[in-house]
Every structure is written in C-alpha cells, then in structure tokens.
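Model the placement of chain B on the given structure of chain A, informed by the hints.
One-letter residues, chain by chain:
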Amino acid sequence: MVHAGLLSTLAKIAAGSLLILIICSAALGQGSTPQRGFQPGASYALSDVETINTTNGNLILSLPLGKLPAGRGGFSGQLNLHYDSKLYDSKTQWYQDFEHLEFGNPHVAIRNMLVKSNEGGWHYGTGYELQLIDRMYQYPPEIAPQYPASETIYHYKVKVAFPDGSVHEFMPRVGSQIDQCYSDIRPDGYQSRYISGYVQDVPYFTNNLTYYTFDGTFIRLEVQHDSDSNWLNNPWTLYFPDGTKVTNLGKRITDRNGNYVEFSDITYNGHLATQLMDQLGRKIIIEYGGFSGGDVIHVPGVNGVDLTYQVYWKSIQVYKTYSTVADDHFSPDGYPDRLGSLSVVSRIDLPAATGGLQYVFGYNAADSGSTPCCTPSYGWGELSSITTPTGAQAQYQYHLDGQNGPGFDYRWDQILRNQITQKTLTYQQQYDGNSTPVSETWAYIGEGGISSVTNPDGGVVTQLNDAQRNYRTELPDGAVIEKLWAANRPQNFSSSPAFDEYTGTDAYDPQRVNGYVKTEFTSIKNAGGTCSRRQGGEVRAILSQQSQQRTFTERFTGRKSSFKLP
Amino acid sequence: MTRNRRRIFWPALLIALLGLTALTFVASGRLRGPKTTETRTSTSQNASAQAKLKRAAYVRRGHLSPKLNWNLNALGDRLEKPGRERLSVTGTLSRANSQAEEVTAVSEFPDRLRLTMQKGNQARVIAFDGEQVKAAENPLNEAEQDLIETLVYGSAEHFFDTQMEGMATRFLGSRFRLDDGSSADYSGPYYDVYKIADQVKTSAEQVECIKLYYFNSETLLLERVTYEITRNGATIKVEERLGDWTREQGQQVARRIERFENGESVFVLTIGAAHLTARADDGVFVN
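Taken in order, these protein sequences are the chains called A and B. Letter 493 of the first sequence, counting from 1, is numbered 493 in the numbering used here, and no numbers are missing. Letter 43 of the second sequence, counting from 1, is numbered 43 in the numbering used here, and no numbers are missing.
Same shape as in the complex, but just chain A:
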C-alpha cells in the first residue's frame, strides 16, 4: 500500500512537472514587433515632417509627395513616403544545435532572429495590408509540437499594417478559445482540427468573420466568406470609429459620406506602378524603376502639367552580428546571427519647377560595395542625416552607433531598443539680409522607463513611460502632467497572458486593453517656484504629486472643471 501510494504521488508530481514544462514552453514569446507609426498612448515630439517617439526613441518621417485636389466634402487623397527607424522585428526560431548533444540528441536553443520589417525603414503609404501570423512557423518541421499541444490548434493571429507603418493586432469574435490571442480560426472561416491523425484546416464558418482591435484604436475588421480555401483573396473591410472604411483588400478608403480614393497596382510606361485615384479620375502615380536610380512620382499640376518627383534608392550594408539567445550554457556568444543589407532612399528630387530642390539622406552604414565584404557598419542601418531643400541639415545619433570591435556584443532585444540619443539641426538664420549659421542640439535619454529630452535652450522634459504609455511628464517650467489610465475591456474579451520580453508588458492584460487616459492632472508651480505639500483629500490619495493648483479633466465624460486646493 505504501509503495502504491508513493508511486501514485510520484506520478502526480511527474505529470505536474511535465505540465509545467509544457506551459513554460508555450508561454515563451513568438517574437516582437516594435511600435511603429502612431500608437494610442505613446508620446511624440512633432515637427513638420519628422516625429520622434519619446516613448521608445523611434524616428518617424512622413514626407508628402503629392496630394489630390479636394473632392466632395473636402475629402482628398495624399501620397506620403514614410520612414521608421525601428528597422527590425524579432521572430522566434527553435534551433537544433547538433554540435552539442544532450542524451544523444541535439540541444534545442530558442533563438530570437531579427528580420527586416516591411513596415520599418522606407515605404510608400499605399494602403492597408492584412497579415496572418502562424505561430507554428517558428519551429523547424522536425521538432514542431504535435497534437494535443494547444499551439497546433490555436495558432493563427491576425494583424493589419497601416500606411504609416503601424501594425494593429485584431482579436477574433468567434466564441471559441483564444490562446495568447492565437485562434483556431482562419480569417476565411476555416478551423484547425485534429482529424485522421494530423491537424488540418477544414471549412467551418460560412458567415463573415468579425475581428476587433484592443489597443485603443477601436477598429473593426470584417472578413467575408468565399468558396475557395485561399484566405489571401477574401474581401475584407476595416471600420473606423469616425465612419471611414477601407475595402478592396486594403486599397479603397471611403469616408462616412461615401466619397473614396483608391490605390491600385498597375503597369505604367512599361514599369510596375501604384496609382492613387479619386472618383473624378485625378491620379498620382508611383512608377517603380521609372528611371535608372529609382522611382518617379507623377503628380498632376495646374492645367494637368505632370509634376515629377524622383526618389533615389540604394543599398547599404550593415553586416553586424548579434546574439539571438540571452543565456545558453552551450553557446557563450548566444547563437549569433548576422544582419545583411538594407534598401534605403538616398535622395528625393522635387519637381523641376522648384528649381532643383532636393532632400538628401545619410545613413550610419556604408553603401553596398563601397567597403570590403562583411565590414561591420558604424550603426545598425538607421537614418543619420537629412539635408532639406533649404540646405538645413538634421543629424541623428543612436545609442548603439560606433560600437564595433571586440567586446561590443549585443542581444537581439538591445538592437530592437536602439534609439535616438541626439539630434543636431544646422541651418542659416536669415535676418535683414544677413545669414548666420546656427546649430541646435536636442539630447534624448531613455533608460528603464524614464526618458528625458534636453532642448537647445537647456530646458528638460522628463517622462515616465512604459512601452505603450506615458504616465508622467515634467516640463521645463516645472509643471507636471500625470495620467491615470483605465481599461475599456471589450465584451467577452478573453486571452491568456503573453508577457513580451522586449516591451516588458502584456498587451493582453485585461487591465491594459483599450487603455485610455481616465484622468489627467496638471500641476503648476507657484510664484516661488515650488509646489507646496498638500495634506489630506481624496486626490492626494491617488497622486503623490504636490501642487497648489491642479486642473482636473474628466476626458471621457466631457466634463471639464478646475478647482483650487487649499
């Protein structure tokens, strides 16, 4: 009896241990996507074409290359060329190391590979793209999990890439289990099931499938059903809160009054081209390879004159290595991998009518072929300078610039976190016919959630952020803005947690989904330059901030009031 009881106990413990092992494996990340474009809750330093995300140190450019005349209700289409300095995504890859065997079998390392993102770097804003992620792709076929592991069934995730480079994740409203936002349902209604000894996708839903965002953008996605088994050709519609909708596989943008503009990918002058056209037939055309150095943008001018922009592209070589694994006893250098080359914009010539004006762009990596193969670049391939048509120049430095040679070893997550540390703007100050060269410098520091921006006049803006949100900002005059966030959890929102090592957050946390600023406090210093300590009161219980006067705004009830504290 004793023996049997012991065995029973051991069996339970062993099963429990195995379950823990399986759960731990399942909870490991499937890769990270840095926040690009504009995200709700983040904080930005804005100018005409350049934006710096003070939450993650991201440089964003949005260069307007042409705009169609306004149509009905002022609705119009515009073509922008976007740049985002978060060049890479990470993807998890299970790797068999045959050089190190364990019990006769290769050691399996979970590598985090950096892959150049289609939304990072330069791209034209030419519509929306539906993406379907399959988490089974992180495994080589020979070591992929087998049924009944939940990943084999719940493995699909839907995202949509926006023209500005931001990518938004969508949750299916299907009434079945969601595991870390991975579902068993494909957007075309197919379901993954275990049949006849293996997992396969079979037709299931015959109605339209509905998805929704949970990042505060409040966008709905509806994917129509069709008769074939190819999800890529199923029509879908994005519905925005302001009544705008996107149809025709992400190419047609319609306002709430039914006016639309449409992107279409065609052939023009014997070259591939993307055309933006409104309902009156007015169009802007990107002619890819329209000249030997790059693309020609055709924009209609006065009396139908063809105004052309020339966008020059080139390749730069990064050739830097990074560790894909944080700690592994078999690989002290962390199973390294190497980054290759990037395609970048080197110059934009504005229409000839401007008199030969141009933008020129520099990078922290050498042009392809300009240095011997495999020489590591100065930086990790980011934009390092812009010379504007007026001759003004902005120069950018990044945290990991110039760190080459022995001893400079980096992990994948450090590359993802690489951020701007300094911007220097040099220009000619024009005054009464005289010009004086001026140089202004901004310094950006981001460390452990606390970031600061030092302006050219010495003023410092300090912020407390996490990967998604800004909580506290202290302005150069000492005023402090504090935000209290709340969640707007959608009905029946259910997903198991998925902590992201890179962001340090769990995007599926019910206390975080559809986050919005519930309350914002602005504290202003008194004439003496100090905030006196306030005692008592409910507000003090929420805030540790000391102030004499606070402005209290209830944003989402529309009430705005201010009160003076004792």
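Mixed in with the good hints, there may be bad ones.
Listing some non-contacts, in silico: residues in chain B with all C-beta distances to chain A over 10 angstroms [stated by the list, open to error]:
| id | residue |
| --- | --- |
| 1 | Met117 |
| 2 | Ile236 |
| 3 | Gln252 |
Pairs of lysine to aspartate or glutamate residues, derived as EDC-like cross-links and limited to a Cα-Cα distance of at most 20 angstroms, are as follows [what the hints assert, rightly or not]:
| id | chain 1 | residue 1 | chain 2 | residue 2 |
| --- | --- | --- | --- | --- |
| 4 | A | Lys245 | A | Asp164 |
| 5 | B | Lys67 | A | Glu440 |
| 6 | B | Lys81 | A | Glu169 |
| 7 | B | Lys67 | A | Glu169 |
| 8 | A | Lys283 | B | Asp180 |
Just so you know, these hints were derived from the structure itself, not from any lab. No experiment lies behind these values; they were computed from the predicted model shown. Cβ atoms here follow ideal geometry from the backbone N, Cα and C, with glycine treated the same way.
Okay, now just chain B, sitting in the frame of chain A:
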C-alpha cells in the same frame, strides 16, 4: 507522512524527475531529423569574425517576413527539412536558330547546380557550387552564363536564399496587374512583387543586379523575374518566366523555364521528368 516514508520519498522524487527529463529528451529526439548546418560566429563586431559565416543549408522561417511564409508553403517543404533537397530533372533546351539539346540538371539549395547538355555525341558539363562556376574544357561562354543565371538566380529557391543571406529587399506591393488598370474586366494574372539587390556570381566578378521577383497572388508561386543587364554598352531588358508548375512528390516544380531579352525568346527549357531525393555529399557541384 511517517519519517520512513519521508526518507524514501525525496530521493525517489529526485530519481523520478531525472528519469522523466531523460525520457522527455529521448522521446523528443525521435521526432528530430538528421543533422542540419547553420551559421556560427562570434558576436564581436569585427570583420574577421564576420568573414567566417557559412550559408544556411535550409530555409528558416525566422528570416522571412510574415507574408513570405505563405509563398514558402506553396512551394512545398523540401527547402526546410531533410529528405527531398536534391531535384534532378531531364528535359530539352531549345534555342532560337539552334538544334535542341537534351539536358540533365541536378540542383540543391542553396544555389547549387550541375548541368549536363547533350548535343549529338557531345556532352558539356557545367557545375556551380553557389560561389564558383566550373566547366570541363572551355570556360563558359556568354550564352552559358545566361543559362546558369536563369536556372539558378531566376528560381524560387534562390529568392528564398536571398532572404536567408539578408540581401536588400523591398516589397513593392501585392496584386499588381499587367495592364494600366483602366479595364474593369481584367482577367490576367495578379502578382506580389519583391525588389532585390541580388549578387550574381556566374562570372569571375560578383555583380550586383537589381531584380524584380513576381509571385502569382493566387498560387503564390514564382512566375516572373525581370532585370536589366548591359551587353556591349547596350541595356537589355531580361525577363525569365517560370510556368507549368506541377506537384512532384509533394513539392512544386516549374516544368517550363523561358528567358526573354528585349521581348525576344532566347531559350526555353522544357522539363520532362523530375525526381526528388535526399541531399548527398558526392561533390557533383564542384565538378
């Protein structure tokens, strides 16, 4: 729990857990295939460490953008796992104004090709190991270099190799049509197009060449590759078309490969038989 039981319990628990761990590894090992080779380097940022890199023997999805996973699915799984790495085909190579030649080709990822061309009693063997091209007797003439460039660099396998090698890539867009977009009842193919700064090594010098790879938006298979070359000071527009994709042992194989220069057909390779086998270290690609 009595004292005696406790004395037995903890060592037994330790032994059981160790046993369980061993069993888990042994069991998981049965699912694993033969040895694969991948890159190992030091992460120190210096040129000598970088130069040691080897080419990946298989396509790893960790290097692919999410969209390209679906194109890789359409092709089959032979680029990802051991068992069917080697593609052997026999066919006919027809050139304008020339007698057709019987061709035997053996290829493996990445960029390896052995081509045997039989014209009457004469056989010509060309081997390309991904870095160097070699031929018995005479060096390659221009037409043979073009043939190697089309068969190696114009293939779907090579496209995925460019992604493993981290070559500069731009996704131009999806569902490109081949007309001006004015026709409402267009019935031609739609393409997803990638622009790649490729490195071509068919001659002594490595040459950068900007190429467009057209994947059919419906089938997700590679159908066209276009680029420009300069010959005798003149720019020539090259187009390579891959067609008649058929499934062979669970893998897609293009049965017709044609090269056009300035719109004129230069040659067409029509494949009769195709067979897939495991990778072999028999040196056929080094002549």
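Run through the hints listed earlier and report the numbers of any the structure violates, in increasing order. 5 and 6
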